[in-house]
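Undergrad: Top to bottom, those sequences are chains A and B. Our numbering applies: residue 89 is where the first sequence begins, and numbers increase by one. Our numbering applies: residue 1479 is where the second sequence begins, and numbers increase by one.
Hint data in this document are derived by calculation from the structure and do not stem from the laboratory. Treat the hints with caution; some may be incorrect.
As the list claims (entries may be wrong) - Okay, the calculated bits of chain A under chain B, using three or more residues with CB under 8 Å as the criterion:
id : segment
1  : 194–208
2  : 442–455
3  : 467–481
4  : 575–584
Where is the CB? At the ideal position from N, CA and C, for every residue including glycine.
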Amino acid sequence: MQRLHFARPELKDKILVLHASEGRDRLKVVGVCRHASAAGIVPGMPVAEASSLVGKHSTRLQLEKEDPQADRLLLARVAQRCQRYSPTVSLEESDRPECLFLDITGCAHLFGGEEGLAQRLTVELARGNWNFCVAIADTIGAAWAVARHGQRSVHSWQIVPAGQSLAALRGLRLAALRLPPEVAEILTDLGVRRIGDLEQLPRASLVSRLGPAVAQRLSQAEGQALEILVPHRPIPCYRAEVSLEQPLEHSGIVENLSQQLLEEVLKQLPAGAGITELLCRYLQDSALPLEFRVGLFRPSVRKRHLWELIRLQLENLRFDRPMVGASLRVTGTAPLECAQQELFEERTPSSERNFSILLDRLSSRLGREAVVRVRSVSDAQPEFAFQEEPWLGTQRRPVPKVSPKRKRTPESAMEEGLSCFRRPLRLWKNPTPVRVLALAPEGPPRELSWGKQRERIVYAWGPERIETGWWRGPAIARDYYQAETDRGRRLWLFRERGSSSWYLQGVF
Amino acid sequence: MAATEVLEELERKLAALESERRGRAKTSRADEAREAHEEVYSTGLVALDEMLPLRGIRPGSLVEWLAVQEGVGAEWLAFRAAAEICRSLDSVGRCLVVDPRGDFYPLAVKGFGLQPRDLVIVRPKNAKEELWAYDQALRSGAIQVVVGWIDRLADTPFRRLQLAAEKSGSLGFLLRPAAVRNKPSWAEVRFLVDSVPVAQRQPVLRPGSVGPPVTHGGAGLPFRLFPQEQISVRPGRHFRIQVLRCPGGKPPAGKEIRVDEETGAVRLVPPLAGAKAAFRQAGA
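Produce the entire structure from the sequences given, and follow the hints as far as they go.
TA: This is the structure in structure tokens:
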């Protein structure tokens, strides 16, 4: 939220709502500003419901897609600035970190004590127009709880006296203990609202009834259990740039300069590190700079391969004005992979390397979104029963394993095996309206015509009824038929149950 | 010399040339692949393999699947064969699909045994990108079979694709309309695929069935209306396949293949008298 306000100050007067997708066509709210909160919008709510709550203020509603990566990068920059106060600065361990932890052991005296340090930090962050709270305590858990849930105002700081962490937490709500949501829900149902209420319960019974999480968090807040801070290390910047005294237009010179920049950047990389993404930027004389990203499926330091990928994109670059400068920056690195070749493996390292090179080249020239792989999703509507994701950027994602609870029955295996007969190889996202003659109102099709084509249907299998729920957006209710025409063609068509209109959606 | 003797002599010379080409020093990965094992890949359909003199498709080949019209099953056969080849031994096992129109439905190929992790889908935006994608995929050697729909293919790019496949040992399955059958082609194998209309199918006797055999042809079509019931007995897919070109000899006469949709079994339909007339009528 603060990131967006910094980038676009005009959003401060808007009802700003952040959303994330939850499967196809389903958006849910993940963040709200104070205006949105006042309108009754809460995180977890569907976006459609949030829009309806805004009502007459709908012109002020501003929906923005969340960008956790950008948020994390901004927080990382703040962490770097905070390193003047502590050598150990860490980001909150979360998918969407919102806090920084500073270990000020042995550092406070340099700022005139803990108060002095807190004051200096507060002044610096306020100067950057951040909304924040600072808390100093003996333990990570106590500092987090007091900063997030203690009595606070914006730009405030609190110091919990030494040895009194648990006392400071007693009056706080359960959310201050960083419990798993399901455990917090159980405790709330049991009438436990404050951390002080938990203290009165025997620890052993907490463990046996709710698992180890509650006892562990209490112990961490007291300082009896260990909690580790993982220091944030800024990603080193490998960058090369050149400024030209005279603007240049010749494409050959652009290529030569780019090659030189690539060589410089490769020299900067430490041993064992490979490039996974490059940002190439070309400055034009009195015009907007041109830039493109080069992504790799596997980290690489092979100059020839990287140059090939850059050159493929340079071919599509059109300079409106002469070039006055260029820069190359490594925006993604990963350790180079070394694998020992096995004697009987099906895929050799060279074939895997060729595959990586192919993916890099295809993605570089055609675009990341044009080279995809698919995975099945559980959705009744056929066109939404799979999700596509670019091959680039997925190499580190493990192949999802089948849940042991969901055993593959012989029937499901057979169904999968016969999917080549049940589903067409070509499916149109926009079905074609057709005219169908059926002898019974709800009966199978007998004759089919669209445009100038007319075909008699000699076999029809179905109906396969597919319906989707109203909660996932536009509901569908269709009866699908697989039809064989008198010319021997196999088609997939459906009748919409509400309107009784017929559509052709695929061919086998 | 009589015409038949001339033809036989030409066939012998053609076979000798092809053998000489296989016997010479290895110059490409395709040659190495051919030397390494059986030299051919089975299509997974014995009936289709038997139509080819070499009993399969050689590595490094381009194969054209010409569909008489949409929906006759040329794609079905091509993907079935591609899946079989990807599962074969010593295969990198990957299939790349060039999908310029964006209407390929990937879940349909799961039934053939092609897993999503082994499938790469490429969506080029124009013809130039499409040809480039084919070229790169065939040339890389990392893809076992490249499948795609390509209507127009000029001679020079076609030759380039053939050379790319030959050098790497990958296979290229080109799904094309039958209208291009008379155009020059650099494909090593050309299949012309049509579906056998119901009226031309032979009667099918179901073993162990009670009652008279189900007739699928003739005037009295047993088309039954099922307002509330599902029609459960599927007569299967009937393909009429003609090999327009293949290495190793003269292409055989066209054949009919039937695929049972209940079990997935495939078998050759023996020809009956009048089959030639049926082929001529269908324009094969």
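Undergrad: Does each hint fit the structure? Answer for all of them.
TA: To see whether the hints hold, each was checked on the structure:
Counting residues of the segment 194–208 of chain A whose CB lies closer than 8 Å to any CB of chain B gives 0, which falls below the minimum of 3, so the coverage claim is violated. Counting residues of the segment 442–455 of chain A whose C-beta sits closer than 8 Å to any C-beta of chain B gives 9, which meets the bar of three, so the coverage hint holds. Look at the segment 467–481 of chain A against chain B: 5 of its residues bring a Cβ nearer than 8 Å to a Cβ of that chain, three or more, so the hint holds. Coverage of the segment 575–584 of chain A by chain B holds. Counting CB-CB distances below 8 Å, 5 residues qualify, and the rule asks for three or more.
Checked against the numbered hints above, the structure violates only hint 1.
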